[in-house]
Amino acid sequence: MIAQTAPASTPTGPPRAPVSKPRRRKPSLYRTLSRVLIMLIVIVQVYPLAWLFLTSLRTEQDFATGDPFALPGSLTWENYARAFETGDLGRNILNSFIVTMGANVLIVLFGMMAAYAIQVLGFRFSRFVRGLFLVGIIVPVQIALVPLFIDYSTVNLLDTYQSMIIPLAGFALPMSIYLFSSFFEYIPRETYEAASLDGAGPYRIFGLITLPLSLNTVVTVVLVNSIFIWNDFIFANTFVLSEELKTIPLGLQNYIGAMGKVDWTATFAAVCVTITPLLLVFLVLNKAMIQGLESGATKG
Amino acid sequence: MLPNRSRTSVLVFLLPPLLLYCAAVLFPILQSLFLSFFSWNGISDMEFVGLANYVRMLTADDIFWRSFFNALLYLAICLVLQLGGALVVASLLTSLRRGRELIKTLYLLPAVISTVAIAFLFVRIYSIDPVGLLNQLLHWVGLGSMERAWLSDVNTVLAAVSAPEGWRFTGLYMLIIYAALIAVPKELEEAAVLDGASKWTLFTKIRFPYIRPVWITTTIMATTYGLRGFDIPYLMTNGGPGQSSELLTTYMYKTAFTSTDFGYASTISVFIVIECLVAVGLILFMLKRKADS
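Going line by line, the protein sequences match chains D and Y. Add 10 to a position in the first sequence, counting from 1, and you land on the number used in the numbering used here. Add 1294 to a position in the second sequence, counting from 1, and you land on the number used in the numbering used here.
Bear in mind the hints are in silico, worked out from the structure with no lab data behind them. Quick caveat: nothing in here was measured; it's all calculated off a predicted structure. Think of the CB as a built atom: it goes at the ideal place given N, C-alpha and C, for glycine as much as any other residue. One or more hints might be untrue.
Residues from chain Y that keep clear of chain D, each with C-beta distances beyond 10 angstroms, as calculated [what the hints assert, rightly or not]:
(1) R1360
(2) W1461
(3) A1473
(4) A1486
(5) K1493
(6) I1500
(7) L1581
List time: in silico DSBU-like cross-link candidates among lysine-lysine, alpha-carbon distance up to 30 angstroms [unchecked claim]:
(8) K1548/Y / K1493/Y
(9) K1480/Y / K1582/Y
(10) K1480/Y / K297/D
(11) K1493/Y / K1480/Y
(12) K271/D / K1548/Y
(13) K1480/Y / K1584/Y
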């Protein structure tokens, strides 16, 4: 009874029943501490983003002089209006959308086809080909920049959507092949054998069995890759020069004016506009996305 | 193998992906290797120089070595933030009863945001005029003497450009490690607790050894991504001031597209690939030895 009634935290009370106290106290202290720690880390992780949004609603004056942690004195949407005037946000978003879609179609279709050939059809050098695809996971994308720049300029592909889509899809292909083939392993042999007995060839089996069954994996692959493609900076920055083709990451740079002077509140408004689509998709589908990211790594 | 597959069907399924992959990945790797033996500015004739680029890089290029050591420090900071942070949060999260999903989602948010946006954000966080979040915070906790322009100070700039990269992906690695941690069999943990194991012993003797395979994957991922880090330093400081935040990747990029020295840039990128391969090899080797002992 004593151990229960003596509150663990009264500093003035004499230390009674020291034997039984630690047992009751330790787990709850540990739990409180770990909760506080988690909250702190989450704040560090999320606060900058909240701050980004709040700043986009500040007036320029408030931003230049005010305490950065303070809530905005007055809210204004004017920064958003200016953001749309300064840059070509609509166009940037459309371009990012086209590139993301284009690359995803290639990644899903080709990833599925290659995994089908390697895992289901099987052929003599399948292990070698699988290893060849693995190279793309380890090799950093930077190695492709100079050669692709040269190749694109000889075949006139610089400054096109393809110049971004091809390397983005190429470097994402290994992971997608990997995810698809580890899924194909779970499709029972008997399904294929039964279909074969009914006279279905490899093409019909692909279209009528493998493809419909892998829809979940398709969602995973698309979600995970979309994050990286939507945000790609390096390929877009290297291969695209004209204003009409700029994707979001490049478009955002337009807000840096002459002499590196930046219209910060308008920039933050633009940033908020451009991260919203992906953020919405992420928040709506975060279960599937989280599962995808987890399975991408843990299966290795 | 399917019973009635044919050679053509294999080719039909395999060739298109293989062609794309060769065009975008394999062929450029070989091309880089080839270019690294030449001196070429993209306009005049290519000149074969043998190993001269490599000799120049390893013996006569101070900026290269500076960038190399910067890249190692950049990697170290990213690894501590990403792997250390991820492990701590993932372990803490397993003891939480409610709100795990929410915290996972919140924690992953920065990974969804583009590097350009992150670079903008952190330029403001570090700024001194108008005062940014970091300097204001230091001021409040009484460390006003530490306030500075983090990105123009030669001593702090490298750490300042590394932190955002670490910050950005902690959530991703946390997810992976968390998924592994909750797969540790409860019976094992309970048995250890009955034997009087402390939280720490429980972690070092049961949980961590159990998730070792995933830990290796995560370490390799984080290392190779750290070594190829580019966007954030490039956007925030472009390697400056001086060369104090220059990484191998930013140096390579500038050599290629500012100085248009394609041959030498290819030499550096070949080095980056070798560096990644060596790093992966080292990690596997060290972790294997530790597991054996």
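Outcome of the hint check:
No Cβ of chain D comes within 10 angstroms of the Cβ of R1360/Y; the nearest lies about 18 angstroms off, and the non-interface call holds. A Cβ of chain D approaches the Cβ of W1461/Y within 10 angstroms, the least distance being about 7 angstroms, so the stated non-interface status is violated. Chain D draws A1473/Y into its interface by the beta-carbon criterion, the shortest separation being 4 angstroms against a cut-off of 10 angstroms. Annotated as non-interface, A1486/Y keeps its C-beta farther than 10 angstroms from every C-beta of chain D; the closest such distance is 16 angstroms.
Under the 10 angstroms C-beta cut-off, the non-interface status given to K1493/Y relative to chain D is violated; the minimum distance is some 7 angstroms. No beta-carbon of chain D comes within 10 angstroms of the beta-carbon of I1500/Y; the shortest separation is about 17 angstroms. Look at L1581/Y: its CB is around 14 angstroms from the nearest CB on chain D, clear of 10 angstroms, so calling it non-interface holds up. Restraint check for K1548/Y and K1493/Y: the C-alpha separation of about 50 angstroms exceeds 30 angstroms, so the hint is violated.
Distance check on the hinted pair: K1480/Y and K1582/Y sit about 26 angstroms apart at the alpha-carbon level, within 30 angstroms; holds. Restraint check: the Cα-Cα separation between K1480/Y and K297/D comes to about 24 angstroms, which is no more than 30 angstroms; the hinted pair holds. Note on K1493/Y and K1480/Y: the hinted pairing holds, with a Cα-Cα distance of about 14 angstroms set against a maximum of 30 angstroms. For a cut-off of 30 angstroms, the pair hint linking K271/D to K1548/Y stands: about 22 angstroms separates their Cα positions.
Only pairs whose Cα atoms come within 30 angstroms are accepted, and K1480/Y paired with K1584/Y is accepted, the gap being roughly 25 angstroms.
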